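Could you put the whole structure together from the sequences, leaning on the hints where they help?
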Amino acid sequence: MAFVQEFAGKPVIRLQWGKEALFFDGKQPVAPSLVTLDLPGLKGTGHTTVSDWLIAYHQQRGKSGEHTDIAEALWRVSVLDDILDTRNGSDFVWHLSTYFTLGEFADFAVKHGPSLIGDLRAAIELARKQRASALRKLDKRVERVGGALYAGTRRLPFEINELEMAEDREAVAQLGAFDAMRWIDVCASLKNDTVKRELLDKIAAELVASGGDLPAALSRMIERKLDDLYAPELWKLLGPHLQLPGNLTGEAIDLTKAREVTVTASWHVWTAKRVGPIKIGRAALMATYDKELVYVRGERKLLHSIRARGGSIQRWGNTLVVGGRKGENTVQAKLLEVERIDTLAQVDPKSAARLVGEALPDAHPITTALARAHADPTWRRILADLLIERLVGIDADVARRLARAQAGSNRRSRF
Amino acid sequence: MTAGIKELKRRYRENLALGRALPTHDLGVPLPLSTGNPLFDAAMTEKLATTTTLDAPQHIARAWDLVKRASSAERAQLAEHADALLNDWKLLLALRAWELGALDELRGFIRALPWGWKLAFPTCVISPGAQLFTGWRKRVAFRLVDDPKFDELRTYYHELLAAAPGTALLKYRSTVQQAMALLHYRPDGARETAIHDLAFARGDAVAGEASLEPAATYVRARDALKSGDSTKLLAVLEGGPALPITSYMGLLGSSGIKLGGKDPNVQALRDYAVHCATPVESLLRMKEWSPWLTDAHVAQLSTKIRHAVIERGFDIPFAKVIKAFLAAPQPLRKRIRDPLLVPLLRHFGARVAKLLPPPGPITFVMPVNVVHLMSFLLYAVLAAAAPARLVLVKKRGAIVKTDFGLDQVIEHLTDERADLERWLLAELGGTSTVQDYTYDTRALVKAIDKIDPAAPLVLDLPFIDSMDILTALLPRERVFNLNTAFGAPGEICVAYEYYQQFALIDKGWSYRVWSRWSDAAASRFAELLERLGQFERLA
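Chains E and A supply the protein sequences, listed in that same order. Position in the first sequence (first residue = 1) + 59 = the working numbering. Position in the second sequence (first residue = 1) + 1 = the working numbering.
Just so you know, not all the hints are guaranteed correct.
Unchecked claim - Straight-line C-alpha distance at most 30 Å; calculated DSS-like pairs for lysine-lysine:
1) E:Lys69 <-> A:Lys402
2) E:Lys295 <-> A:Lys335
3) A:Lys233 <-> E:Lys69
4) E:Lys86 <-> E:Lys69
Stated by the list, open to error - Going by beta-carbon spacing under 7 Å, a handful of chain A positions derived as facing chain E:
5) Pro58
6) Gln59
7) Phe143
8) Leu426
9) Val435
Stated by the list, open to error - From the structure, some residues in chain A lie toward chain E, with a derived Cβ separation under 7 Å:
10) Ala62
11) Arg63
12) Ala419
Hints listed in this document are in silico derivations from the structure and should not be mistaken for laboratory results. This one's a predicted model, so the numbers in the text were calculated from it and none came from an experiment. Positions of the beta carbon are idealized from the N, C-alpha and C atoms, including for glycine.
Below is the structure:
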């Protein structure tokens, strides 16, 4: 037996990994499919054995050179019974559910199941001395028949799915002219998630093409509980056309633990609380507010600005806070300080050293590092490490790594 | 006498060991080459942006230290080769020249910078963070040059503004605004007053300044579009100087007009976009514009790019051309293949061939069964311009082909997978159907041994590590590997991209599935050769 694949638009079979494909001569099988080769006298199932057999076959029929094409007379579409008597039938047991119908599995079970059970019973009932050899004789049959029956159990959900999909697709085919609300209602009534997803994608494409009311359509989808469906294509289509205005005002939002993210269109972003207008594909800060995620327009630099202005600012009708009552001692607040120290130590070591807030003795490591930082820039990193250790207390290298991870979106390059 | 890859690599390894060079993962241009002078190397390879282990401030501190230590002879040599340096470094070297009062040197570096950077020079003197950093760091107050010499800087800015074309002043008006604000700049004369007005106000004063076109057209267009009527906009634009595409798209965007939308004048608006885009911008926007580009647009864009690159010698990196081509949807690829890609490929081949001086021929080695189209294209492009041969390695044996040319490959650049496979099957036979990365290393070594050690060798053999091949590569002078390097002294890894799709690993066993995307390798090849030439000139 062999799988039929496609190469250069033609059906081929590959008998072994890393070997050449074999093409068909004359009538061509469908790809993908399962075929059975009838090569009398074949000694093995490897590529070389089969190729040699085919070359000899063609030469006997007067063809010169080495031809390995599979002639029409040498193959047929596989039937389920083939797994019992083909040399390599066991290799295909796992894939049978893809190629055979539930009806074929049922026929196979009726034909081979009872006789196998009978033979098994007979073997089990033999005296202990003969039992092992009797069971061994049944080993290959059990493996293949049992495997085929198991494949039938996997075919069952597949066919249920197929039937539901066909039924749903018929309903979709009768939808008629585009009417967003009606199509959404039909979508919610479908049984199969794949077809639902297909229809949602179609609705999205139509909404974009016709300049339809996206917020109203999305609200209807949520109302019809379609928002629990994973629909990436829907958001890919709608994303560039979505307006995401702010929908939260008059609140105090603690951004100390906010993380910079690149906003991607999703049900989650659409239904989230938003401070200021959010743009798909741009950076925003993601924070927790009232146990819910909130998106705040801005990048990580907004956190530094808030901090520089005493810890809070008014923006988009809300009070944005960094390092508030709860956030002062968080790692996130400390990471902002780490970034500041690290930057100042590199570009302005004196200002960085002043952050200590007191005069240090001449022999202090920070004083020494500052003195050497002017002549040798490698000492600036050492100065930063010492300052971070003294002022923040987190391992400097760990802190730098964490700080980078907090600004996932802001990796712009100016080149 | 040029230094050659072996010598440049040796110098890099030495400098790396001494801590004078950064590891390649901290280099913006990750080349393990050194002229022997850390300043020269850094100015060509170290971008001042965050890398694997260094943040932007650390790069800047290191770079400024190197620049400050540079001798006048070193600075003079760099000024002579300013075009080969990264823009950040040109700017830092210009800053140093400013600090030292070396005005001729300053002008040399500034001349090599794009206008956006030139106009930001005062900003960089007074508040370097605003120009060199991104994000919150832009506001970090520090200076690299202790005394900005404000009066002299204002005088120099007069000089810069006088030379600046209207297009640059329009595109970079916020840069001009920032620089003028930091300088407390008082505009001198009608032209500067108009520039000041353009930067700080509505720009109405540019109307009377012909030298500031297309700024005046832009202002009129903006006013015409106030009502949202694109007919008035088009009337202003007709016959006037072309606006920069960014300004034009900005005008449309602020009025809610989309080129893919349903404005009654959308066709004319699209025509203008195609008309005003520069060659590079045309390439960058090809994918975005693909849904509405007509045959006339394609012809216009192709002529524009061909004219700029082939006739005027404008240097658009080959990588940009290939990226734009690959990013375009399949139907557009077919339409731009002959008018745009083919002439550029031939031009690129001729240019790159010049960077690979004799002895030849250039030999390409790749597996017969897993032909990578971009590597294949690279071979074909070079084969069209210089003697070249192809060594196709099989599971058993290797075929040397010299009769495969650009014309055969070009036809298949826009093929669907099945068509490409059909062609490979016809050209290379049944081995092209094998899905395996097993090579006959003995046959390959034999083939390599027959090639002149001084001739260039390009290797594209994925998923192989062989000491036999390494042995064969040891005496060779110029080996360009489009995959992971074998480690020969004369070998340089161009680029490689492998992605792990799946892995199962335990203590004593592992199973991994990889996919390979080395498209960048072929397109970076030209960039590498150009850099190599620059290293050799400065070594």
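Cross-check of the supplied hints:
1. For a cut-off of 30 Å, the pair hint linking E:Lys69 to A:Lys402 stands: about 27 Å separates their Cα positions.
2. Taking the CA atoms of E:Lys295 and A:Lys335, the gap is about 26 Å. The hint holds against a cut of 30 Å.
3. Using a Cα cut-off of 30 Å, the hinted pair A:Lys233 and E:Lys69 is violated, with the two alpha carbons roughly 58 Å apart.
4. With a C-alpha separation of about 11 Å, the suggested pairing of E:Lys86 with E:Lys69 holds against the 30 Å cut-off.
5. Residue-level restraint check for A:Pro58 holds (minimum Cβ-Cβ distance to chain E is 4 Å; threshold 7 Å).
6. At its closest, the beta carbon of A:Gln59 sits 5 Å from a beta carbon of chain E; the interface hint therefore holds under the 7 Å criterion.
7. Given the 7 Å rule on beta carbons, the hint for A:Phe143 holds: about 4 Å separates it from the nearest Cβ of chain E.
8. Interface hint status for A:Leu426: upheld, as the beta-carbon distance to the closest one in chain E is roughly 5 Å, under 7 Å.
9. For A:Val435, the shortest C-beta to C-beta distance to chain E is roughly 5 Å, which falls under 7 Å, so the interface hint holds.
10. With a least beta-carbon distance of about 4 Å to chain E, the hint placing A:Ala62 at the interface is held under the 7 Å criterion.
11. For A:Arg63, the shortest C-beta to C-beta distance to chain E is roughly 5 Å, which falls under 7 Å, so the interface hint holds.
12. Because the beta carbon of A:Ala419 sits about 4 Å from the nearest beta carbon in chain E, less than 7 Å, this interface hint is met.
The structure shown violates just one earlier hint, number 3.
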